[in-house]
Amino acid sequence: MAELTTKTIRNICLLGHGGSGKTSIAEAMLYCAGQTDRLGKIADGNTVLDFDSEEKKRKYSISLATASLMWKDIKINILDAPGYLDFEGEVAEAIRVADAAVIVADGKAGVEVGTELAWEYVQKAALPSAFFVNKCDDPESDFGRTFEQLRDKFGRNVCPTFVPVKSDSQIKFVNLIYMKVYSFDSNGSRTEEPMTDQIAAEIEKYLEPLREAIAMTSDELLEKYFNGDDITIDEMVMALHEGIIVGSIVPVFSGASSKLWGIKGLMDTVADSFPRHTAKKYEKIVSADGEIADLEINPDGDCSIYIFKTLVDQFGKMSLFKVMNGTLKRDMTLKNSRTGSSEKFSHIYILKGSKQTEVESLCCGDIGMISKLSSAATCDTFYAKDAVEYKKTEFPKPYLRKGIMTSDKGDEDKISSAVQKLLDEDPTLKYENNSETKQMLISGMGDIHIDIIASKLKTRYGINIQMSDPKIAYRETIKKSVQAEGKHKKQSGGSGQYGHVKITFSHGDAEGLTFTQSVVGGSVPKGYYPAVEKGLLEAMQKGVLAGYPVVNLAADLYDGSYHPVDSNEISFKLAAKLAYKEGLPKANPVLLEPIGTLTVSVPKDMVGDVMGDLNKRRGHVMGMNPDNNRPGYTLVEAEAPEAEMTDYTISLRAMSQGRAKYSFVFARYDEVPGNEAQKIIAAAKVDND
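The sequence shown begins at 314 in this note's numbering and counts up one residue at a time.
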C-alpha cells in the first residue's frame, strides 16, 4: 500500500433522502475495493455500516457511520449519514468533517425532499458536491426526468457525466467526457461497447448541458463555447477536476448500487478529482474574542484534532475525530481546549463500521477513533502545543417533547444515568427533570427519534418507559384589588397561638411577591413582618383556581392585632395564609399560560397552510418576510401558546413534506381565554382528586 499523506486522502459524506440507497452505495464501494467479501443488503441486516441493532431491526440508517477503503492508491473515508429528517444532527456531524459530498437520488422517485435538504446543507457549508442517480436498474427509473429536476432546482452548473441509455432492451452507460459506452455484467465488471447511432441520438440531449456547465468553469472555455469551438477532452477533464474542487460544477453520475453499476466510475472520480483536506486552505476556528476566524491548515504543523461524533457501548465511550492539523501519533498527549485537561492517545483506530483496526499514526485530514477519553465530548478540540478551538458543529434544536416515566418500580434512579449516556452520543436529544411539573422530559427531532430513544433505553439498559404529553407550567394571578383578614387563634392549656392580619391584595408589577406594610400604631409588631411575608410566599406556590403558582401579587399589610403572650412567628405565618385563602378568590383570579415566539421558514406556496394551522392553534401572526438564508422560502413570525405546540413538529413536517423549519422560544405569560381556562381548571381538579 502506498504511503498515506494528506494528498492521498479523500473524505466524502453520502447524503440524500431516506431509502435512496446511500448505505448500499457505501457497501458497493467497500465490495469493489475488496474490503468485504460479500455484498451486504439492508433488507438482510448485514451491511457494514448499518451495524446498530436498531438499524438492523428497522432496515434504515439512524446514525452516522464511517468506513475507509483504498482505491487507486487513494484512501477514501466514507461518512454515511441517515436520510430521515429525525436524524439531521447526524448529517451535521458528517458535513462538519467531510471535504466533499455525494448526494444520492432515487432514479425512480426523482428529486425528493431529502435531496433538496441535502443540497441546502452542502450549500450552506460551501462543500463541493456531486449527484449519484441510483437504482437505474429499476424498470420505472427515469434518469432523464431526474436530471432535469436536478438542473431546474439546483442550477445550470449541474453537469451530466455518466448517463444510462436503453439499447437493445439492455441498460448501458455512457461516459460523456470520453464518449465511451459501457455495459455491466452481474458482478459489476464493465465492458466497452461500440457507440451506435441509437445511443448517440439518446445522449444528444445531455451534451449541451455538459458543454454549458463545463464552459462556465472558466472565461477561456466560456469564450470557446460562445464561439462554437470544440472543447477538448483534456480541457473537459481539467474543468471537471477544478470545478468540483471550487464548487463551480456539480457532476451527475448514475448507476445501481445493488448491481455495482457505475460504482467504480464514481470511485475513480472521487480519487482523481475530489478535494483533499487542504484544498480549502483554512479551517474555521473560534478566536479568543469568541468570533469565527480562519486558521491555515498545515500538514507539517503541530497536531490538533476535532471530535465530531461520540459512540457509547457497554465498554465505554468512543470518540470519532478528524486530524485537522499536523500528524497524530500513538502515545501523543493532547490538551482539551474546553476542559484544559490533558489526555494520552495510547491507542488510535480506524473504523470500518463496527470493526476497529489499530494504527500507529494518522496524518492531517484523516479520520479515526479513540476510546475511553475521560474528558472528551462531541465538538471538543484537542491540541498538542498552541491552543486552538475549532468551530463547533451546528446542531438543530429539538422541539418535540414527551414526558417519560418508568414502567417498573426501582428504575427511577437508573433512567437519569442511562439517558446521560444517550445524550453523550446524540447532541440533538435533550433531557430535563422539571421540578415544577414533577415530570421527566425528553426532547427529540421527531416521533421516530423519540421512539428510538425509548427502544435504546430498553435494549441497552433494560429500562421500560411510558410516554405522555408534556405538562404545561401554568400560572395564576389576580386582576382586582381586595382586602382580606386572617386570624389564627389556638388555645391548648399552656401557651396559645395568636396571629391576626389584614392585608390588601392587588396585581403587582414584579413577577413574584411585592410585600409592603402600612401598619400604624403598632397593631402588628415589626418583628412579625417577615413571618407574614414568608406565609404569603408559601401560599403563592398553590393558586386558588387550579393549584398553579401565583405570580405578580402585591400584598400590603395594613392592620391586625397581636397577643403579648400567645403571638409568635408561626401564628402570623398561618394568619397570612388564611388571609390569602380568603382574599384571592374574590380578586378575580385568572389563569396564565406560557406564550412563545414562533419563527417558521416555509416554502412560499405553503404559507397559507401554515397560517391556517396557526389560527387553529390560537396563534397570532406578527409578520412575514423573505427568508434570506433559504431562497424561495418565507419567514412567518408569530406568537402561540405552548399548550398548542406540543405536536407542532409532526404537523409542520406533514404540511410541508419536511421542508419547513421552525424555532419556538418562550416569550411571556398571558391570560388563558375563558373557555380554555375552564377546561384546564376542570382537568386540574380531576388530577387533584
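Accuracy of the hints is not assured; some may be wrong.
[What the hints assert, rightly or not] Listed next, the in silico DMTMM-like pairs over lysine to aspartate or glutamate satisfying Cα-Cα at most 25 Å (straight line):
no.	residue 1	residue 2
1	Lys929	Asp760
2	Lys771	Asp721
3	Lys370	Glu656
4	Lys685	Glu656
5	Lys466	Asp481
[Stated by the list, open to error] Between beta-carbon pairs, the in silico distance windows are:
no.	residue 1	residue 2	range
6	Gly457	Glu555	22 to 30 Å
7	Ser976	Lys704	33 to 41 Å
8	Asp1000	Ala700	26 to 34 Å
9	Lys657	Ser976	35 to 43 Å
10	Ala438	Lys998	50 to 58 Å
11	Asp926	Lys354	37 to 45 Å
12	Thr504	Glu673	37 to 45 Å
13	Tyr662	Lys518	23 to 31 Å
Please keep in mind that the hints were generated in silico from the structure rather than gathered at the bench. Quick reminder that beta carbons are idealized off the backbone N, C-alpha and C, glycines included.
These are the hints, each one checked on the structure:
1. Simply put, lysine 929 and aspartate 760 have alpha-carbon atoms about 22 Å apart, close enough for the 25 Å limit, and the pair holds.
2. Under the criterion of a C-alpha separation no larger than 25 Å, the hint pairing lysine 771 with aspartate 721 is consistent with the structure, at around 11 Å.
3. Proposed proximity of lysine 370 and glutamate 656 is contradicted: the alpha carbons are some 37 Å apart, above 25 Å.
4. For the given pair, lysine 685 sits about 10 Å from glutamate 656 by alpha-carbon distance, which is consistent with the 25 Å threshold.
5. Under the criterion of a C-alpha separation no larger than 25 Å, the hint pairing lysine 466 with aspartate 481 is inconsistent with the structure, at around 32 Å.
6. Judged by the Cβ atoms, the range 22 to 30 Å given for glycine 457 and glutamate 555 holds: they are separated by roughly 27 Å.
7. For the hinted restraint 33 to 41 Å between serine 976 and lysine 704, the CB-CB distance of approximately 21 Å leaves it violated.
8. Range check, aspartate 1000 to alanine 700: Cβ separation about 54 Å, and the 26 to 34 Å hint is violated.
9. Between lysine 657 and serine 976 the beta carbon distance is about 41 Å. The supplied range of 35 to 43 Å therefore holds.
10. Restraint check, alanine 438 to lysine 998: a C-beta distance of roughly 53 Å satisfies the suggested window 50 to 58 Å.
11. For the hinted restraint 37 to 45 Å between aspartate 926 and lysine 354, the CB-CB distance of approximately 40 Å keeps it satisfied.
12. Range check, threonine 504 to glutamate 673: about 42 Å between beta-carbon atoms, so the 37 to 45 Å window is met.
13. Judged by the Cβ atoms, the range 23 to 31 Å given for tyrosine 662 and lysine 518 is violated: they are separated by roughly 48 Å.
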